[in-house]
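Colleague: All chains, full assembly: derive it from the sequences and hints.
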Amino acid sequence: MAKNWDDVRYCSEACRRRKITSVDRRLEELLRALVERAGRAGVDPDEAARCVDPEAWKQLHEPARRAARRLVAAGAAEMVQGGRVVDPSTAKGEVRLRGV
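Numbers 7 to 106, taken from my numbering, label the letters of the sequence shown in order.
You may find that some hints are simply not true.
List time: in silico DSSO-like cross-link candidates among lysine-lysine, alpha-carbon distance up to 27 Å [stated by the list, open to error]:
1. 64 / 25
2. 98 / 64
3. 98 / 25
Derived CB-CB ranges, DEER-like [said to hold, decoys possible]:
4. 61 / 28: 30 to 40 Å
5. 64 / 28: 18 to 28 Å
6. 23 / 46: 13 to 23 Å
7. 23 / 93: 30 to 40 Å
8. 67 / 43: 13 to 23 Å
9. 89 / 23: 31 to 41 Å
10. 90 / 61: 12 to 22 Å
11. 60 / 100: 29 to 39 Å
12. 104 / 63: 19 to 29 Å
13. 28 / 89: 15 to 25 Å
14. 23 / 45: 33 to 43 Å
The set of hints was computed from the structure by calculation and includes no laboratory data. Cβ coordinates follow ideal geometry from the N, Cα and C atoms, glycine included.
Modeller: Here it is as structure tokens:
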């Protein structure tokens, strides 16, 4: 567990090994904006992927989920499934990201 969430750069060891790309940063920025706009209703991380690349957004599905996990790890959002907050590291299937 991080001692200072302001210093968190990666949501997991896998993210640390993979490093964060410019596309990853763009997905995070879009997710932050979408979450702010959606409020408690939340947003599907794939919406950010569609904004980045409307033609090939499916290739960005997992990068968008990783971006969502980083936002949760930083305390900027929470991941919800079926109306309940879930652990991003174990969530399977459709999830939404909502503001805290």
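Colleague: Kindly indicate which numbered hints from before are broken by the structure, ordering the numbers from low to high.
Modeller: When the structure is compared with the hints, numbers 4, 6, 7, 10, 11, 13 turn out to be violated.
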